[in-house]
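Chemist: Residue numbers (this note's numbering), protein chains in the order written: chain A, 1 to 412; chain B, 413 to 817.
There could be a bad hint or two in this list.
[Stated by the list, open to error] Using 20 Å as the maximum straight-line C-alpha spacing, the simulated EDC-like pairs for lysine to aspartate or glutamate come out as follows:
| hint | chain 1 | residue 1 | chain 2 | residue 2 |
| --- | --- | --- | --- | --- |
| 1 | B | K500 | A | D212 |
| 2 | B | K788 | A | D405 |
| 3 | B | K732 | B | D773 |
| 4 | B | K536 | A | D405 |
| 5 | B | K788 | A | D25 |
| 6 | B | K500 | A | D26 |
| 7 | A | K70 | B | E498 |
No wet-lab data here; the hints were simulated from the structure.
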Amino acid sequence: MKRYIYKYALLLSAVALWSCEPNTDDFNPSKGSADFTNFVAIGDSYTAGYTDGALGRRGQEESFSAILGKQLMYVGGTSYNQPFVQSESSVGSMELQPGVYNGYYELNIVEGSLKPQPTIGDVAILGEQVSSPDNQNFGVPGAKLIHLGELPAPYPPYAQLNPFYARFASSPDATVLGDALAAEPSFVSFWVGNNDILAYAMAGGEADAITDPAMFAAAYTQAVNAILSTGSKAVLGNVPAIETIPFFNHILKDGHLPLVIVDDAVPGGIRQLVEGEKILLSASTALGMGYGQSVEMPLGAEYVLDLNELNAISSATTAYNATIKSIADENGIAHVDLAKIMEQLSTSGLIIDGNRYTTTFVSGGVFSLDGIHATGRGSAIIANAFIDAINAKYDAQVPHANINDYNMVEFP
Amino acid sequence: MKRIGLFCGLVMLSFQLFAEGYQVNLQGNRQTGMGHTGAGLFMGASSMHFNPGALGFIDKKYDFSFGGSMIFSNNTFQKQAPSTYEAKSDNPMGTPFYFYGATKLNDKLALGLAVTTPYGNSLKWGDDWDGKYLIQDISLRAIFIQPTLAYKINDKLGLGLGFMAVNGNVDLNKALPVQGANGDASANISGNTWAFGFNAGISYQATDKLSLGLSYRSEVMVELDEGDADFTVPSSLAGLYPDTKFQAELPMPTNITFGLGYQVNDKLLLAADLQYVGWSAYESLDFDFEAPTVPDSRNQRDFENTMIYRLGAEYALNEKVQFRAGVYYDSTPIPEDLLTPETPGTDKIGMSLGLGYQINDKLSLDASLLYIHGMKREDGYAPTNFYGTYYSNAVIPGIGVNYSF
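Only chain B is shown next, with the shape it has when bound in the complex (with noise of 0.2 Å):
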């Protein structure tokens, strides 16, 4: 049980962007072993989060599950020809958690609290990097609390509906093309706001073998009504760049997701997901500045919506011992001449292992590895003229523990 006291520590540390755009799939250490699938399975309390039409279906009166990955993210940058200017993000490692909750109310109704982290973003690229007056470092991290209610219309058939209260949370920094004595000028945004919106799933066993899902979670439009921007300046232009409030916004976008299971025989699972990502909510990232001389900032993102597709297998070895592998391959929705090193994203592959090991019939344990490798894309922002070839990969270990009784 130290791991589990190790996690809990880590859960206050920063979030991480390791899907496309700044979404992080890592909700369950079970799904994450096997390309983070889950939409068409019924994998307990986790299902709240892939889909709360499967949570009807737990066979326990409680069933709880929670862990956490460690996300040890690389990003490199490497200047447009000619140049030989290269960057190395300094990430903090990212942290993303979960936490489920469930029990049964009766044969037919069950009740969960679902915690999660499905955005996020942390990403340090320096205050002296060439890139600095796009962004130095950015902590972007929303916290999901979902309570949720399932229904299992029979023994084929369940819904669940869930209600998302997100706590959004933001703080980056970039520098001003303006110095002083000590250099450039200097920007802090921040802030914090909550938002809410709703998952929804269906769950169907359609054959012995064949189990079909489909979720929806809704777009979370985070509004930030009073932000702090604070300015470090020149004494001389404090006046025109007092600190001051600001507001913006920014989408956590719709999701639906179907998904497949298939068990082959009493050893193997096999399961697909195709999920859908709603990215072209984010349309622009508009800064509102309270005092009137500074000016307002307005930056076009016009993301694209996206589809990540994903496989994945598990293997009972024995009663104990299940292994299990996964691929997935998540496309960027960051057009051309629109990728800032502030979400500097890329089409990228997933490959996963993952262990799972029943401790007793109430306790289990499930260990995931998940290597990400951005592909190599060569693109930049056009509206400040910054390009070049950026480089991703992640490395991100998992664990997590479930028990029911």
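Only chain A is shown next, with the shape it has when bound in the complex (with noise of 0.2 Å):
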């Protein structure tokens, strides 16, 4: 009798300590055929973390460029180095008064609604030093392709006319791409083009110029071959239409108004907004002074996109995604494709993990108080993107990033 129950004690025992926890099958990372160990990024405000407005510590450990830098951690990746922000504070490129300058925007209640507003920045921020030969981040706020590498007579180089890149580049001559090659990245995301568009689309058309799509095609060859002649691979980003940020479709969300523009080009000098014209979210101070409103107040075509202007964006963008795409195929390196993701996201939306993303301004999540730039989820979806372009290309299993751990617009 006591021997059976000592037995069947046993047996009972056995099976309660039998995997008290389930097992589970790992997923195990992997680099496939590339080399993550030096992982370098080169690009613009996107690159660089630039968020609601201005650059800051809190936007540059949300960057895309951060989040895949730590993601490839997972595969051979040892660091990711940043010129961070030394101030707790940020800072913008808006002039608000003589000499002081935005920092990040946040989001007020104004008169009983939802309002962003600029903070007051640290300008002394552009005047930090933080050059190291460890940083890995090369994005460059405002850059464009052009600005990357030597620039033409009469300018003289690109970090006496930038501060965003006179912060951390090596000397006041040195290049953007020259700096980002002497710090021999084993693997490079290049992600430009957005600003030869946008400086001139958030200008209204009526200031600076959209790059030539021949110069652009020969600039980027030119890069690219600078970039792979090191013996790094790369993942090229393209260019996401216009159309698919906020800054540009925001104010018209809610279809065509009749308002008064300035257009020199017509008799008399003003006329009335077309349908299909863009009215850009810069504008938003200026309509509610009540400008547009009449023939004494038209609104300034600096805050206005005309169809011919829309044209000309839209015909560079395709050039230049064309461009990028046959340089991504010639050299057999990853592609992403920022353009198709943000075209989902400003039509049916993603769903990811339990939420819905789109380019809504402010509650779609994914763009930020500046109606141009990342949210921290943003960038954790561009970021993925890039994760998947790469593991497609290089059969590599590099693990995504949990959108969900990542920030939004934060409401008051």
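Using the hints, put the two chains back together into the complex; each one sits in its own frame.
Modeler: Below, the structure is given as structure tokens:
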């Protein structure tokens, strides 16, 4: 009798102890045919982590390149060093008063409704010197493709034109591309070309210029050849259509408005807004003051993209993206179709891990309060698109970032 | 008797999912030891749950049975590749219990009361886990109070009918994808209500060795008319998300069980049950909020009817001691692409052992140990695009006491 009880007790405890926690099959990250030991990101404000209208540490830590750099550490990446802003604050490029620049926009309740408003930035950030041979983030807010190499005469070196680059340039005469290649990358993310269009588009087509597509193709070829000549592999990102960006479509989101606008090309210099034209987010203040409502107060042309300007933008975007795709294909390197992802986000939206993301201003989750740059979540969506392209091209298994770990617009 | 006191103390704690869907099949420790078979057996007062038709066959004037189980369950979620994300739930221990008391009114009629917890779910994934917009934690429990009358037509055939009053309680938390200074907004949904149903059974001693039973437990639609929805949102959105009432309903599905018992010899009893569960009643989980600014929530479920296959055996070592063992296969009602972390169901295999001990001619004890292995399931919920691999298991010791005189 006792013998049976012992046997029985033994059997019971064996069952009780047997795998109290379920065994799981682990996911194994792998680098495939690429080498991520020294990942370097080259690009513009998206790569830098500019968000909510300014550059600051919060945005730098949640840029797509920082998220990508972090994920690449699962497959051999050793670090992702950035030229971090030293100040607690942030700084943008809008001069609020002489010598006073904006910091991050924040969402405030103004007269009962939510409104993004700039904070006061810390202009000392632009004077910081954080150059380091260990830097891996060569994202320069405002940089066009054609700013990355030597600038043609009579322009001075780019570090002397753009304080965001001067902060971490190796010398006053350095070039962004030269500095990036001196970091001896084994893998490069190269997402440029946005500002070659945005600088013009954000000025309502009244200032700056679209980079000529032929010049773009030549500069792009040269830059990619320089990157690949070091033995590095790369992933190239293309240029989203401006129609998918809230800065260009938020104001008329509910449809056409019969606004009166300035147009020097017509007799009298003013006319009504035509269907299909775009009013920029930067017009908010002027519209609030009554501009655009009467012939006495027409809305300035710098707040409007007319059909000609939109055509020029659209055809340049198409040409750039064809160039980027063919260069990726010719060189057998990864290509990420960000234009397509932004298209999805701006139409049906993307449902990811329990939330639907869209390009809707403020509430869509993807774009920050400047209407141009991404939130942390938007950056993570972009980083995962880069990861998908890398995995597909290099037969790698780089793990995705968790979108829900990152931030969206903060409501008061 | 100290152990009995312990169980009474645990009764008020939460209850725990661990059959498929949100069903909990742990309504008798003798039956649990035998793979939770029992529809075709004569098991005294606990027949009120398994087959009220068998209640008429109790042989003493009074028959009481009560007990409970401790559910130690584990759920692990591994996010869809490529991802290194893994989450383990921190489930509170589940404590389903049962109480049965029956008396023979005369030779033909028996009357009893059953209190059971055949449905429940308690899962805690955490406030900040990756599926927080689907569910953070949920506690669902139902207590069935069932007065039962049984009539023994003759020495072979018995009928029984029970009326079920069900108290249902739900409390769940989920995050909302809006952020303020303190992170995500959140919603707390809670409510308590009563609902009613019935069960019926027929029990038949076909030969000296073979017994048969068929039991039917009706669907109980738990309709919550005045649930409480409390929102924690940034102050700028507080006007849109006031604390409000909501309506929702959740079915406790129909169960139809056919059971066989076969007394091989004096020592060995074999049992088999086929349990049909009408899960297709659970089409959708919808919350209709009273406040017009709070959007109603529609969540597709579309569960499918399932079968549970059970086998059990009891071996009487001597007059006092019985060993039991059983096994069952419980298929999941949750279709592909509709698997949520709130009810992460999967096909399950249950393996049980049991021990019976007759202390004297009035008092006996039953102990059981059930191990449930959930098949790994790689799936997710398409409407919110949350996919991964779910793993689950549970170890469930239970103890019960029977007293008859």
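Chemist: Hints first: check each against the structure and report whether it holds.
Modeler: Each hint, compared with the structure:
1. With a C-alpha separation of about 54 Å, the suggested pairing of K500 of chain B with D212 of chain A is violated against the 20 Å cut-off.
2. Taken as a hint, the K788 of chain B and D405 of chain A pair is broken in the structure, with Cα atoms around 26 Å apart against an allowance of 20 Å.
3. Proximity of K732 of chain B to D773 of chain B is assessed by CA-CA distance (about 10 Å); at most 20 Å being required, the pair is judged to hold.
4. Annotation: proposed proximity of K536 of chain B to D405 of chain A holds, straight-line Cα distance about 19 Å (limit 20 Å).
5. At most 20 Å may separate the alpha-carbon atoms for a hinted pair to count; K788 of chain B and D25 of chain A meet this at roughly 10 Å.
6. This hinted pair checks out: K500 of chain B and D26 of chain A have alpha carbons roughly 14 Å apart, not beyond 20 Å.
7. Restraint check: the Cα-Cα separation between K70 of chain A and E498 of chain B comes to about 17 Å, which is no more than 20 Å; the hinted pair holds.
This entry does not satisfy hints 1 and 2, going by the numbered hints stated previously.
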